[in-house]
Amino acid sequence: NAGVTQTPKFQVLKTGQSMTLQCAQDMNHEYMSWYRQDPGMGLRLIHYSVGAGITDQGEVPNGYNVSRSTTEDFPLRLLSAAPSQTSVYFCASSPGTGLMEQYFGPGTRLTVT
Amino acid sequence: GNSVTQMEGPVTLSEEAFLTINCTYTATGYPSLFWYVQYPGEGLQLLLKATKADDKGSNKGFEATYRKETTSFHLEKGSVQVSDSAVYFCALSPSRGNQGGKLIFGQGTELSVKP
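Protein chains in written order, with our numbering: chain A, 1 to 113; chain B, 1 to 115.
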């Protein structure tokens, strides 16, 4: 049982490049989400999904796209990277909505130059 | 709206000292409250939680009590160890009807414990 996995662990992009951050979970969790962590700001929700085929925006969705074609996978796409997207990105999953604990992946550290 | 405010860090303590990290929240309804811990280079792990007023969450010697009258969820430990050095996040999950189980985090408090 691997839990929540994220790849890559580190990435450097040039401004304007695109890339996809991968997230997968093997716990059959319905709910998955993406957060970004910036110094002094805690974690902020980017996008989330309550099940396959369903996604919605969080607090800071601009510049990011998501899709959820399977229960297991929830990739995050940066269409045209900007220096403001330099951050640490965490994927999380949960068995259900509302009051359930979330399980976090190890994070992806992204630098945009 | 919903928000979480934590005491600013970094907090530096000597081993075996008493720890308090303050957390207050603003929320409508009856949120659930959480403390997550992030060890260096790792993702967040759930430390403890409380789902209703006056509940006490506890784990690994850490405790926090859900105080609705003061809208607080302060984290305490009686005797910290060097291995407790980490960043601690207070978070809330809004009350039932919350779409997608979103967590709202405080800014995090870095704890450094010296031998």
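If you're looking for bench data, these hints aren't it; they were derived computationally from the structure.
All values reported here derive from a predicted model rather than from experimental measurement.
Even glycine gets a Cβ: it sits at the ideal position worked out from N, Cα and C.
Any given hint could be a false lead.
Part of the chain A face toward chain B, derived, beta carbon under 10 Å [what the hints assert, rightly or not]:
id, residue
1, Lys14
2, Ser33
3, Tyr48
4, Ala52
5, Cys91
Cross-check of the supplied hints:
1. Lys14: With Cβ-Cβ at 25 Å, over 10 Å, it is violated.
2. Ser33: 7 Å, holds
3. Tyr48: Result: holds, 4 Å to nearest chain B Cβ.
4. Ala52: 14 Å, violated
5. Cys91: It holds, given that the least Cβ distance between A:Cys91 and chain B is near 9 Å, below 10 Å.
Of the numbered hints listed earlier, those contradicted by the structure are 1, 4.
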